[in-house]
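Colleague: Here is what each chain is made of, one letter per residue.
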Amino acid sequence: MIVSKKHVTPVIQLGTIDRDFSRADIEFDGVDHRGASFEARIFLNNPQADEHTTKTLKTGYAGSFHIFGHGGCFEDEGHCDVTPRRAYDPRPAHPLSPTRKIVIATEAVRQALQTGDTATVTVVPIVTSLNEKCDTEDVLRFDSVRIVTYR
Amino acid sequence: MQVTNGVNNEIVLRLNVEQTDPTFLRDAYTKMQALSPTDNRGWIYWAEYHGFPHYYCWHHGRTGADDNQYPYNLFLPWHRAYLVYWENVAREQNSKATLSWWDWTSQTGVPVAFAQPQTNGNPNPLFSGPTPDMPGDPARQTRRWPGDPGELPSPQDVQTILNLVNFEDFQNQLEDLHDSVHGWTGGINPDNPQQGGDMGVIPVASFDPIFWAHHCMIDRIWYLWQLRQGINNIPPAYLQLQLAPFKYTVEQVLDIRQLGYEYASSAATT
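Sequence lines, in order, name chains U and F. The working numbering puts the first residue of the first sequence at 1, with every later residue one more than the last. The working numbering puts the first residue of the second sequence at 1, with every later residue one more than the last.
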């Protein structure tokens, strides 16, 4: 098993969360998918979680998202850099635009709210596939994470 | 009695891999794989549409540019169009060849038809396919190191997403299951942790024959969702978007019968 660098978020305040929800998501924005493919295992309020932590509600496991990665750059330098398109550029947006991943985590969020008004989100990336171009030390890159509930 | 499946221009029936005689697809793939990379009837020519070197495929959504300044994702409609083209290319080599879907929720792993390196003493074209010359990676056969079958998505995973009522929500969740199966199937060489299987990364996944059975399952799940949630259940802003380089717009791929195929659990004929 190839385990990449773990990420633990700063504390998220849950005081404003609507407790009367039918669904709760953990959303990751700006997720980089240019490298290796991986499973991102998500745990709430368990900053010690690692690749051996069982995926159960008891351990705070909230779900996983998966990245089907680009596997590094197959072309010349700069080819996989995401550059903004200029006005009147007819080409589609860059295929490596950072993505959004949404994990349906209703029961895990409900459990977190039962224990307090704060949460940390721990993400343990497990590399699932790759090639020689891929770095495996730190595959998980994203801009932000938030917890969202819906009635 | 053999099913005449689309031979006389009737609707093609796509069946479960386990219920499909692989003879015809095996024959079609053998012929496609023997053609040169530049032959537009061939394996490499059409597989190259997905990742290396053309990268027409849609994954993970995109934001901004061209006609749309908001995030949008053509993952499902684009791959549906791609499968239609691929299937017709295969049927040009064997008129009885049809795509079949790999039901990975059985959690039994790679189907036998795709797991045997040889059949009847010959290389099995469902086991591996040729890749083109790529920078730092000369032409070769694809390879895979699948994981533990118990890690594949379960029937409950699929049922959960079939109950989602919003197309973009459904597509996001289905794409995530799709991503997990790609990683599972490609895997990592236990003897070389820097080497993964081709299904595991976008640029080379489509050269592996099982790519098509995997995406047939993805397309089928979309079809099942459409039966529940409506064939036209998709944001109106998507409808006229072009599925480049194919001739279709999104609207034109919503009804699979208009594309000449159906998903069936079984079939029998006189």
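What the hints contain is simulated information worked out from the structure, not anything from laboratory work. Yeah, the Cβ is synthetic: ideal placement off N, Cα and C, and Gly gets one too. Please note that a few of the clues may not be correct.
What the hints assert, rightly or not - Residues from chain U shown here face chain F by an in silico Cβ test under 7 Å; the list is partial:
| id | residue |
| --- | --- |
| 1 | Cys-73 |
| 2 | Pro-95 |
| 3 | Leu-130 |
| 4 | Glu-137 |
Claimed, not checked - Negatives, chain U to chain F, calculated, CB over 12 Å:
| id | residue |
| --- | --- |
| 5 | Ile-2 |
| 6 | Pro-10 |
| 7 | Val-31 |
| 8 | Asn-46 |
| 9 | Thr-59 |
| 10 | His-66 |
| 11 | Pro-92 |
| 12 | Lys-101 |
| 13 | Gln-111 |
| 14 | Leu-113 |
| 15 | Gln-114 |
| 16 | Asn-131 |
| 17 | Lys-133 |
| 18 | Thr-136 |
| 19 | Ser-144 |
Said to hold, decoys possible - Non-contacting residues of chain U with respect to chain F, defined by C-beta distances greater than 10 Å in every case (computed):
| id | residue |
| --- | --- |
| 20 | Lys-6 |
| 21 | Ile-12 |
| 22 | His-33 |
| 23 | Glu-39 |
| 24 | Asn-45 |
| 25 | Gln-48 |
| 26 | Thr-54 |
| 27 | Ile-67 |
| 28 | His-70 |
| 29 | Phe-74 |
| 30 | His-94 |
| 31 | Ile-102 |
| 32 | Ile-104 |
| 33 | Val-127 |
| 34 | Leu-140 |
| 35 | Arg-141 |
Colleague: None of the hints should be skipped; say for each whether it holds.
Modeller: Here's how the hints hold up against the structure:
1. Cys-73: 9 Å, violated
2. Pro-95: 6 Å, holds
3. Leu-130: 4 Å, holds
4. Glu-137: The hint is violated - U:Glu-137 has no Cβ within 7 Å of chain F, the shortest such distance being about 12 Å.
5. Ile-2: With a cut-off of 12 Å, U:Ile-2 comes too close to chain F, as the shortest Cβ separation is near 6 Å.
6. Pro-10: U:Pro-10 clear of chain F: closest Cβ-Cβ about 25 Å, beyond 12 Å.
7. Val-31: 8 Å, violated
8. Asn-46: 21 Å, holds
9. Thr-59: 18 Å, holds
10. His-66: 4 Å, violated
11. Pro-92: 5 Å, violated
12. Lys-101: 7 Å, violated
13. Gln-111: 18 Å, holds
14. Leu-113: 22 Å, holds
15. Gln-114: Since the minimum Cβ distance to chain F is about 23 Å, U:Gln-114 lies beyond 12 Å and the statement holds.
16. Asn-131: At about 5 Å from chain F, U:Asn-131 fails to clear the 12 Å cut-off, so the statement is violated.
17. Lys-133: For U:Lys-133, whose nearest Cβ neighbour in chain F is about 8 Å away, the distance does not exceed 12 Å, so it is violated.
18. Thr-136: 8 Å, violated
19. Ser-144: 14 Å, holds
20. Lys-6: Fine: 18 Å to the nearest Cβ keeps U:Lys-6 off the interface.
21. Ile-12: 22 Å, holds
22. His-33: 5 Å, violated
23. Glu-39: 7 Å, violated
24. Asn-45: 23 Å, holds
25. Gln-48: Non-interface label stands for U:Gln-48: nearest chain F Cβ at 23 Å, farther than 10 Å.
26. Thr-54: Answer for U:Thr-54: holds, closest chain F Cβ roughly 14 Å.
27. Ile-67: 6 Å, violated
28. His-70: 5 Å, violated
29. Phe-74: 5 Å, violated
30. His-94: 7 Å, violated
31. Ile-102: 6 Å, violated
32. Ile-104: Violated: least Cβ distance 7 Å, not greater than 10 Å.
33. Val-127: Label violated. Min Cβ-Cβ 7 Å, cutoff 10 Å.
34. Leu-140: Non-interface label on U:Leu-140 holds, nearest chain F Cβ at 14 Å vs cutoff 10 Å.
35. Arg-141: At about 14 Å from chain F, U:Arg-141 clears the 10 Å cut-off, so the statement holds.
The earlier numbered hints that this structure contradicts are 1, 4, 5, 7, 10, 11, 12, 16, 17, 18, 22, 23, 27, 28, 29, 30, 31, 32, 33.
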